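Participant: Residue numbers (my numbering), protein chains in the order written: chain A, 1 to 133; chain B, 134 to 266; chain C, 267 to 399; chain D, 400 to 532.
It should be emphasised that the hints constitute simulated quantities derived from the structure, not laboratory data. Please read these numbers as outputs of a predicted model, since none were measured by experiment. Check before you lean on any hint, since a few could be wrong.
[Stated by the list, open to error] Some but not every residue of chain B turned toward chain A, in silico, with C-beta under 8 Å:
{"#": "1", "residue": "L151"}
{"#": "2", "residue": "Q152"}
{"#": "3", "residue": "E165"}
{"#": "4", "residue": "L172"}
{"#": "5", "residue": "G176"}
{"#": "6", "residue": "S180"}
{"#": "7", "residue": "D181"}
{"#": "8", "residue": "Q185"}
{"#": "9", "residue": "V191"}
{"#": "10", "residue": "R193"}
{"#": "11", "residue": "A194"}
{"#": "12", "residue": "V195"}
{"#": "13", "residue": "D197"}
{"#": "14", "residue": "Y198"}
Each residue gets a CB set at the ideal place from its N, CA and C atoms; glycine is no exception.
4 protein chains.
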Amino acid sequence: MEYEYILEFTVRDYECDLQGIVNNANYQHYLEHTRHEFLVSKGISFSDLHDQGLDLIVTRAVIDYKFPLRSHDKFIVTLNLRRDGNVRLAFEQEIFRIPDKKQIIKAEITGIASRNGKPVSPEPLIKMLGEKS
Amino acid sequence: MEYEYILEFTVRDYECDLQGIVNNANYQHYLEHTRHEFLVSKGISFSDLHDQGLDLIVTRAVIDYKFPLRSHDKFIVTLNLRRDGNVRLAFEQEIFRIPDKKQIIKAEITGIASRNGKPVSPEPLIKMLGEKS
Amino acid sequence: MEYEYILEFTVRDYECDLQGIVNNANYQHYLEHTRHEFLVSKGISFSDLHDQGLDLIVTRAVIDYKFPLRSHDKFIVTLNLRRDGNVRLAFEQEIFRIPDKKQIIKAEITGIASRNGKPVSPEPLIKMLGEKS
Amino acid sequence: MEYEYILEFTVRDYECDLQGIVNNANYQHYLEHTRHEFLVSKGISFSDLHDQGLDLIVTRAVIDYKFPLRSHDKFIVTLNLRRDGNVRLAFEQEIFRIPDKKQIIKAEITGIASRNGKPVSPEPLIKMLGEKS
Chain A
1 MEYEYILEFT
11 VRDYECDLQG
21 IVNNANYQHY
31 LEHTRHEFLV
41 SKGISFSDLH
51 DQGLDLIVTR
61 AVIDYKFPLR
71 SHDKFIVTLN
81 LRRDGNVRLA
91 FEQEIFRIPD
101 KKQIIKAEIT
111 GIASRNGKPV
121 SPEPLIKMLG
131 EKS
Chain B
134 MEYEYILEFT
144 VRDYECDLQG
154 IVNNANYQHY
164 LEHTRHEFLV
174 SKGISFSDLH
184 DQGLDLIVTR
194 AVIDYKFPLR
204 SHDKFIVTLN
214 LRRDGNVRLA
224 FEQEIFRIPD
234 KKQIIKAEIT
244 GIASRNGKPV
254 SPEPLIKMLG
264 EKS
Chain C
267 MEYEYILEFT
277 VRDYECDLQG
287 IVNNANYQHY
297 LEHTRHEFLV
307 SKGISFSDLH
317 DQGLDLIVTR
327 AVIDYKFPLR
337 SHDKFIVTLN
347 LRRDGNVRLA
357 FEQEIFRIPD
367 KKQIIKAEIT
377 GIASRNGKPV
387 SPEPLIKMLG
397 EKS
Chain D
400 MEYEYILEFT
410 VRDYECDLQG
420 IVNNANYQHY
430 LEHTRHEFLV
440 SKGISFSDLH
450 DQGLDLIVTR
460 AVIDYKFPLR
470 SHDKFIVTLN
480 LRRDGNVRLA
490 FEQEIFRIPD
500 KKQIIKAEIT
510 GIASRNGKPV
520 SPEPLIKMLG
530 EKS
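Make the full structure from the sequences, and use the hints.
Facilitator: The structure is reproduced here in structure tokens:
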């Protein structure tokens with residue numbers, strides 16, 4: 001499978017909880033950081049956008065937890081972007097442990113663009129991100 | 134609507150990110166803490182269970198983000214538990230800002246019971262939790 | 267001993283790390299949240315101050331870790347404020363497990379007031395906070 | 400200056416708070432992760448040590464906050480280890496933004512080795528870590 005963007009991480013001990021595995025909430029951090037680095041790779045900064053009054057807002061997260069990560073595991077987070085109707089963007093994201101490619105997470109994160117609190121067309125943003133058709 | 138368990142929180146400033154709103158991952162912390170306190174209210178400790186080799190594992194989270202929480206907002210997290218097939222538990226959870234009852238989050242968190250890494254029947258656990266039929 | 271402000275907490279499981287104890291960084295969260303709630307109790311909001319261009323900046327933290335907190339421990343965080351020279355505020359803060367009053371943390375957090383990135387006199391702020399002389 | 404260990408990071412947006420700068424507690428995460436990766440570089444895993452009943456416990460943190468990090472800043476965390484009396488280890492750690500070498504944090508983190516809750520000599524550990532004399 002082909003991905004538009006891939007980012008590599010190492011689990012940090014403070015991300016693990018008393019079960020000795022990465023706490024569920026931290027996977028959202030990994031997924032978010034990958035989305036933001038994807039934007040950066042396209043010349044777009046999430047914090048600059050915010051300073052300009054344009055926010056990307058997550059409206060829905062569907063996350064399947066397949067297998068837990070543990071202390072010092074290395075892993076990649078993948079990203080594919082597609083349009084979802086007229087106003088939504090859908091980020092299909094997966095996490096794989098490396099080097100054995102064990103699937104850890106399969107997620108779909110849906111978002112909208114919002115200017116000063118009002119939803120706006122994601123069209124200009126999608127153009128910048130170079131949507132594949 | 135009736136809830137099996139309700140827990141009240143206040144947003145802490147460190148939970149807000151540079152958009153000035155609660156970071157998405159922190160809602161999972163709120164949801165998780167409510168589930169664990171629900172267990173405690175039934176005389177079950179998540180960390181004691183872990184020490185006995187029994188872990189509750191989240192396998193799927195579906196979270197709809199309806200409206201963001203901000204610094205110092207007060208809110209409640211609700212919980213209803215139902216069986217989902219033979220091996221899964223489903224926690225239906227919502228977050229409402231108080232006192233205006235604005236809906237913030239609607240989530241369904243699915244989990245399984247696992248002993249030493251193998252899925253086990255959630256039946257004894259459900260009995261302890263007093264499943265409504 | 268007398269304290270100007272006291273806030274009560276319960277350890278949340280996600281705050282514990284793989285050692286089964288609260289991760290060191292989280293004590294700073296507890297200390298910070300207590301300082302911010304102290305401000306709120308005086309009618310001052312940290313986030314409102316920020317929106318007005320006035321930030322409170324921590325310049326030094328000295329934290330003695332006496333004993334660890336564990337899952338579901340209840341505890342209080344105490345706060346005393348004193349002036350430290352002309353431009354600095356010093357927050358003396360301690361954490362005690364309850365009900366047994368076991369000392370967990372002894373900390374001194376030093377800060378300055380900063381307007382648009384420049385240090386300013388903390389005098390007006392101290393007046394609002396009702397400094398004891 | 401020479402350092403025994405250096406680790407490079409990028410600020411992740413979720414580490415920034417509503418002031419738009421890295422939240423104070425997260426610097427402790429950076430410092431801790433660097434200490435643990437230093438151990439790994441010497442063939443020692445913090446989580447393996449824990450599973451063997453040996454914990455490294457931080458007893459004191461002195462952290463000077465010199466300048467804040469912001470979204471997407473790149474930085475290094477440095478580490479030098481020295482013995483502090485008979486039972487303590489002192490980690491001298493600094494954070495510098497790169498590439499401009501702006502000093503961000505200067506910290507001294509003191510710890511002890513503890514076996515099943517009792518302090519033990521750090522001698523074997525120091526030998527493994529190749530203390531400079």
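Participant: Next step is simple, just say for each hint if it's right about the structure.
Facilitator: So, going through the hints one by one against the coordinates:
no. : hint : result
1   : L151 : 6 Å, holds
2   : Q152 : 6 Å, holds
3   : E165 : 7 Å, holds
4   : L172 : 14 Å, violated
5   : G176 : 19 Å, violated
6   : S180 : 6 Å, holds
7   : D181 : 11 Å, violated
8   : Q185 : 12 Å, violated
9   : V191 : 5 Å, holds
10  : R193 : 5 Å, holds
11  : A194 : 5 Å, holds
12  : V195 : 5 Å, holds
13  : D197 : 5 Å, holds
14  : Y198 : 5 Å, holds
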